[in-house]
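> Now for the letters of each chain:
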Amino acid sequence: MPEVVIRTSGLTKVYKETKVPVNALGGVDLEIMEGEFTAVVGPSGSGKSTLLHILGGLDYPTAGHVEVGGHHLNELNDRQLIDFRLEHIGFVFQAYNLIPVLTARENVEFIMLLQKIPAREREARAAQLLQEVGLGDRMDNRPTELSGGQQQRVAVARALASRPQFILADEPTANLDSKSAGNLLQMMAEMNRREKVTFIFSTHDQRVIEKARRVITLEDGKIVSDVTKA
Amino acid sequence: MPMLLLIAWRNIWRNRIRSLVVIAAIAVGIGAIALSVGFMNSMSDSFIRNSINHDYSHLQLHHPRFRQEPEVRFSLPHANRIVAYLRQDPAVKAFSRRLLINGMIASSRASAGVQIYGINREQEAATTSLDSLLEEGTYFTGKSRNAILISRKMADKLKAGLRTKLVLTFQDVEGNVVAGAFRVQGIFDSPSPRLNEGAVYVRQQDLSPLLGTDTLTHEIAVLLHANTQVLPEARYLRSHWPMVDVKTWEELSPELDLMQEQSGLTMTILLVILMVALAFGIVNTMLMAVLERERELGMLMAIGMNRQRIFSMILLETIFLALVGGPIGCLLGYATVTWLGNTGIDLSAWTKGLQQYGYSTQFYPFLTPREYFLMVASVVLTAILSALYPSYKAIRLNPVEAMRS
Numbered sequence: 000m001p002e003v004v005i006r007t008s009g010l011t012k013v014y015k016e017t018k019v020p021v022n023a024l025g026g027v028d029l030e031i032m033e034g035e036f037t038a039v040v041g042p043s044g045s046g047k048s049t050l051l052h053i054l055g056g057l058d059y060p061t062a063g064h065v066e067v068g069g070h071h072l073n074e075l076n077d078r079q080l081i082d083f084r085l086e087h088i089g090f091v092f093q094a095y096n097l098i099p100v101l102t103a104r105e106n107v108e109f110i111m112l113l114q115k116i117p118a119r120e121r122e123a124r125a126a127q128l129l130q131e132v133g134l135g136d137r138m139d140n141r142p143t144e145l146s147g148g149q150q151q152r153v154a155v156a157r158a159l160a161s162r163p164q165f166i167l168a169d170e171p172t173a174n175l176d177s178k179s180a181g182n183l184l185q186m187m188a189e190m191n192r193r194e195k196v197t198f199i200f201s202t203h204d205q206r207v208i209e210k211a212r213r214v215i216t217l218e219d220g221k222i223v224s225d226v227t228k229a
Numbered sequence: 000m001p002m003l004l005l006i007a008w009r010n011i012w013r014n015r016i017r018s019l020v021v022i023a024a025i026a027v028g029i030g031a032i033a034l035s036v037g038f039m040n041s042m043s044d045s046f047i048r049n050s051i052n053h054d055y056s057h058l059q060l061h062h063p064r065f066r067q068e069p070e071v072r073f074s075l076p077h078a079n080r081i082v083a084y085l086r087q088d089p090a091v092k093a094f095s096r097r098l099l100i101n102g103m104i105a106s107s108r109a110s111a112g113v114q115i116y117g118i119n120r121e122q123e124a125a126t127t128s129l130d131s132l133l134e135e136g137t138y139f140t141g142k143s144r145n146a147i148l149i150s151r152k153m154a155d156k157l158k159a160g161l162r163t164k165l166v167l168t169f170q171d172v173e174g175n176v177v178a179g180a181f182r183v184q185g186i187f188d189s190p191s192p193r194l195n196e197g198a199v200y201v202r203q204q205d206l207s208p209l210l211g212t213d214t215l216t217h218e219i220a221v222l223l224h225a226n227t228q229v230l231p232e233a234r235y236l237r238s239h240w241p242m243v244d245v246k247t248w249e250e251l252s253p254e255l256d257l258m259q260e261q262s263g264l265t266m267t268i269l270l271v272i273l274m275v276a277l278a279f280g281i282v283n284t285m286l287m288a289v290l291e292r293e294r295e296l297g298m299l300m301a302i303g304m305n306r307q308r309i310f311s312m313i314l315l316e317t318i319f320l321a322l323v324g325g326p327i328g329c330l331l332g333y334a335t336v337t338w339l340g341n342t343g344i345d346l347s348a349w350t351k352g353l354q355q356y357g358y359s360t361q362f363y364p365f366l367t368p369r370e371y372f373l374m375v376a377s378v379v380l381t382a383i384l385s386a387l388y389p390s391y392k393a394i395r396l397n398p399v400e401a402m403r404s
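The listed protein sequences derive, respectively, from chains Y and X.
Under numbering that gives the first Met the number 0, the residues of the first sequence are numbered 0 to 229, in order.
Under numbering that gives the first Met the number 0, the residues of the second sequence are numbered 0 to 404, in order.
Keep in mind the hints are simulated off the structure, nothing from the lab.
In this text the structure is predicted, and so the values were computed from the model without any measurement.
Just so you know, even glycine gets a beta-carbon here, dropped at the ideal spot from N, CA and C.
Some hints here could point you the wrong way.
[Said to hold, decoys possible] Which residues of chain X face chain Y? A partial, calculated answer using Cβ under 7 Å:
| # | residue |
| --- | --- |
| 1 | 4 |
| 2 | 208 |
| 3 | 301 |
| 4 | 302 |
| 5 | 304 |
| 6 | 307 |
| 7 | 309 |
| 8 | 394 |
| 9 | 399 |
| 10 | 401 |
[Unchecked claim] Label-pair distances were calculated between CB atoms; the ranges are:
| # | chain 1 | residue 1 | chain 2 | residue 2 | range |
| --- | --- | --- | --- | --- | --- |
| 11 | Y | 20 | X | 23 | 22 to 28 Å |
| 12 | Y | 206 | X | 379 | 50 to 56 Å |
| 13 | Y | 32 | X | 14 | 45 to 51 Å |
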């Protein structure tokens, strides 16, 4: 029986930086189960990124509650949130965001180094993950020597390296050509099936929406539809 | 930690030109400081060496009251025994036993107050190289009695030349005013402004009859083989002859001590100026590096790199810049100072001015290991302090906003 990985209730976020406060999220109630392959969709400004940031412990809600793997994120301070992210969440960003001075292997190892995993285990896992994402022959290349699709694969390997409870992928295919995007999605879907890794996407990309087994649609900071495919 | 070191090291080479400019600034700055301090050292050393070799010597021995009241009657006690000891002491290179009287000197055209040195010809030459300082005339040669050596400055003041007759007037041991006629046999030019100003030299055997006694000794100047022997020798003499006033060159000449202090102060001021300039350069460079990498730093925080590690990474990048530039600067400074230390810097174009203040005209820059260490330590410390602000800016970044940038 899959467990609940994320649970939110009445999640609200109001940005007060401007003269007129912006309601980015207006009371989101959500449960995400272990092993889901979920896409959060919606037009620009609908609150997708805000929701992902709060679920990822990168931002605090103005009101409401968010619980990830039994941890109440509202109660963690900034320092505890960093440690929490390191141990529980994998991130894949739209712009890949690899460390440019490190090779593919070192980028994947880096997150395990932060987790203080012993060198031998680190090296073995980095090599295995890069093999799995199809970059066994590009391990010693730096990001600038890899294509966009290859960089995003390294980013996925890095996100998986810390053995997170779930992976948050913010528009992961937005910067990729059609073929690379297709390959990347295929690879993530296989990992989801094989390893039961939970993926949550924020996306506009129709291909991601088609691949996702659950699609949550946001509009004006509220969930307007939540469809789980058969 | 090694991965953090690796990232920091590779990061500084991301913008090669900018890093090289900072490294070059550090290196040239240290090189320039090394040369300046080396030159200051050589000036200070030249002044001190001249003072020791041609004026004060390493040690001087007097009657305990003589320096405050320089009267003829305050003769050095146990002078013969002290001389006997100094003759067999291996630390002593030379010594000069002197009579020292304040008096007046007069030519037919002018007069002046002087300090009359009654010396032993050989002892004085060995101790202060007085014979080598003669510009004109000879150093107490021949059998002519009542020869006198005066400085160029005194000669000009008295409008005297070689063989001019001069009259010395002073008090004898009984307090009577006595006078003696002396003929100029040599004119010297000493590196010591004090001696040029008011010292004249005559032979003891010519002065003693005028004083009415030949048993007096007012001063023994002692030249040692090495400066390091000064304090042990002074301690020994003080413990064996407690009734004798033993003074080291530093005690005799506060200006020499001041000179050394000034040299240290100059180095400190130069270092501070360089370090402030360096600090601005480093802060500027590292701030640019942080601002350029906001997105990357935000991503690092997002994936779980804590602020302490981010702080350490920026700090390490700065330290690496200093650690590359520092040794290059030291090598540059070492090479320049060593080369100039061998060839010397010739400032003979300014001979008159330099000699007026007791300097030589040839300078040989040098630096002590302590000064090299101080320079490197200051650079590293400055780098660390300058990196604090950019590192602080880095850890204040909000990961979400930084990634949006």
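> Can you list which hints this structure breaks, lowest number first?
Numbers 1, 2, 6, 7, 8, 10, 11, in rising order.
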